[in-house]
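Q: If you want the building blocks of each chain, they are given just below.
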Amino acid sequence: MLRSPLLPLLSSIALILLWAALAYSLQSRYLPTPLDVASAFETEFTSGALVFHLGATCLRVLGAFCLALLFGTALGLALGRSPKANLIFDPWLIFALNLPALVVIVFCYLWLGLTETAAIIAVALNKIPNTAVTMREGARALDPSLDEVATIYGYKGWNKFIHFTLPQLEPFLAAAIRNGLALIWKIVLVVELIGRSNGVGFQINFYFAQFDLARIMVYTLSFMVIVGLIEVFIIKPWETRARFWRGDA
Amino acid sequence: MMKFTFASKSFGTQTILAPLTLKLEKGTVTALMGPSGSGKTTLLKMIAGLDQDDARTPKNPLKIGMMFQEPRLLPWKTVQENIELAGPVRDLLQALDLDDAGDLYPRQLSFGMAKRVAFARAMASQPELLLLDEPFTSLDDARVDLMRTMISEAKNRLNIPVLITTHDRADAEAIQADIYALEGRPAKIRKLIDA
Chain S
428 MLRSPLLPLL SSIALILLWA ALAYSLQSRY LPTPLDVASA FETEFTSGAL
478 VFHLGATCLR VLGAFCLALL FGTALGLALG RSPKANLIFD PWLIFALNLP
528 ALVVIVFCYL WLGLTETAAI IAVALNKIPN TAVTMREGAR ALDPSLDEVA
578 TIYGYKGWNK FIHFTLPQLE PFLAAAIRNG LALIWKIVLV VELIGRSNGV
628 GFQINFYFAQ FDLARIMVYT LSFMVIVGLI EVFIIKPWET RARFWRGDA
Chain A
772 MMKFTFASKS FGTQTILAPL TLKLEKGTVT ALMGPSGSGK TTLLKMIAGL
822 DQDDARTPKN PLKIGMMFQE PRLLPWKTVQ ENIELAGPVR DLLQALDLDD
872 AGDLYPRQLS FGMAKRVAFA RAMASQPELL LLDEPFTSLD DARVDLMRTM
922 ISEAKNRLNI PVLITTHDRA DAEAIQADIY ALEGRPAKIR KLIDA
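Protein chains in written order, with our numbering: chain S, 428 to 676; chain A, 772 to 966.
These aren't lab readings, by the way, just hints derived from the structure by calculation.
A quick note: this is a predicted structure, and the numbers were derived from the prediction, not measured.
One should not assume that every hint holds.
[Stated by the list, open to error] Taking lysine to aspartate or glutamate pairs in the DMTMM-like style, the calculated list, with each CA pair at most 25 Å apart, reads:
#, chain 1, residue 1, chain 2, residue 2
1, A, K834, A, E852
2, S, K587, A, E924
3, S, K587, A, E954
4, A, K830, S, D570
5, A, K774, S, E597
6, A, K830, S, D574
7, S, K583, A, D916
8, S, K583, A, D824
9, A, K834, S, D574
10, S, K583, A, D822
11, S, K511, A, D822
12, A, K848, S, E575
13, S, K587, A, E852
14, A, K834, A, E905
15, S, K583, A, E852
16, A, K816, S, D574
17, A, K848, S, D574
18, A, K816, S, E575
19, A, K848, S, E597
20, S, K587, A, D874
21, A, K834, S, D570
22, S, K583, A, E899
23, A, K848, S, D570
24, A, K848, S, E564
25, A, K830, S, E575
26, A, K834, S, E575
[To be verified] Which bits of chain A does chain S cover? Going by a derived footprint, with three or more residues having C-beta under 8 Å, they are:
#, segment
27, 810–822
28, 841–849
Just so it is clear, CB atoms sit at the ideal spot from N, CA and C, and this is done for glycine as well.
Next comes chain S alone, as it looks inside the complex:
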């Protein structure tokens, strides 16, 4: 029973029932019932607003995610492979890690204006240090004895990366992607709340001003469902395939 795939489903249903029980017993405008949220969902969906704003946020998440993964991975690998570079740039990384997300967002908007580019760069800059730290550990864990095998059989550059390096990095990459997605979508909402005129963050701010908690929940839950679907249908299958050779998938 403990391993049953039904358990997470039952647990989710229990959470919804708990919410419903609380909402119906309190009868407060500060905690809408599941039916209120469902009704708001229908209105937002049929008007097309939900899809439009979700789409805008997803595009920002995708853009920032790709940038953060690309630059964070490159930086992490460079620092993990070169102790000298790590010694020089480690303080920079610690500084970047401790920089509040809000400060980075404000500076990006001030320097680049209230633009789409500024929004995406602000989110990516917030995530790059975390990705770099994870990938630096991955680079440190690379097996040097396999480097010798690569050299003997003439594997260099991209070919070596694909056959020898990437498979060793996959567990770290999976961790960076999972944590990245969780962090990025939260920061994207802040970026939208401060400086964009569309997206889930903008809508949450808009309905906050109107005290419309049902619609705030519609946008929040919809986006959480999308992130969950990405986890279930993209990240987990990829991880399973990547770990197949370990025999622990």
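Given the coordinates of chain S, assemble chain A onto it according to the supplied hints.
A: Below, chain A alone, put in the same frame as chain S:
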């Protein structure tokens, strides 16, 4: 004939190999013997271009197949894919008694099997020189015989020099190797037996 000349080789302040010259004939097996730490593996790595002597002698341009002391298979590739990294598999699986192992992953192999796969990979590269670091270690008697046969076949079929390191003189004699010893500190090379 292939001739390798190296300057001394040091690790930190300790010189482990004296300057040396090693000549290898095509179609022969040469065995390097010596105690642990005498520099056998280091010499093999210098020949393979994985390490350099103190004079930074440039790597030779030969195509080399090398089997390391540990199999060093890529755990995310099957046996077949591991061998294909170096070149076409051809009849190597059969020849090394690995017919049914092509689709297995390294974690599913015994150490002896993994070692044979590593040998197959070294052979698949169709090398001009075959380097085998302790090829008989951790093999049972039957597999030692198989490995001896394979080394002899490799030498004859490809008509290339084969250089092995071993602790066991009986193994070197069984494959009719020219036997060299690395002796002293820093180690000097001395020919013991002509095959």
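Q: Confirm or reject each hint.
A: Checked hints:
no. : hint            : verdict
1   : A:K834 x A:E852 : holds (20 Å)
2   : S:K587 x A:E924 : violated (31 Å)
3   : S:K587 x A:E954 : violated (38 Å)
4   : A:K830 x S:D570 : holds (23 Å)
5   : A:K774 x S:E597 : violated (43 Å)
6   : A:K830 x S:D574 : holds (16 Å)
7   : S:K583 x A:D916 : violated (36 Å)
8   : S:K583 x A:D824 : holds (23 Å)
9   : A:K834 x S:D574 : holds (17 Å)
10  : S:K583 x A:D822 : holds (17 Å)
11  : S:K511 x A:D822 : holds (21 Å)
12  : A:K848 x S:E575 : holds (17 Å)
13  : S:K587 x A:E852 : holds (15 Å)
14  : A:K834 x A:E905 : holds (20 Å)
15  : S:K583 x A:E852 : holds (18 Å)
16  : A:K816 x S:D574 : holds (13 Å)
17  : A:K848 x S:D574 : holds (16 Å)
18  : A:K816 x S:E575 : holds (9 Å)
19  : A:K848 x S:E597 : holds (14 Å)
20  : S:K587 x A:D874 : holds (22 Å)
21  : A:K834 x S:D570 : holds (24 Å)
22  : S:K583 x A:E899 : holds (20 Å)
23  : A:K848 x S:D570 : holds (15 Å)
24  : A:K848 x S:E564 : holds (23 Å)
25  : A:K830 x S:E575 : holds (14 Å)
26  : A:K834 x S:E575 : holds (14 Å)
27  : 810–822         : holds (count 4)
28  : 841–849         : holds (count 6)
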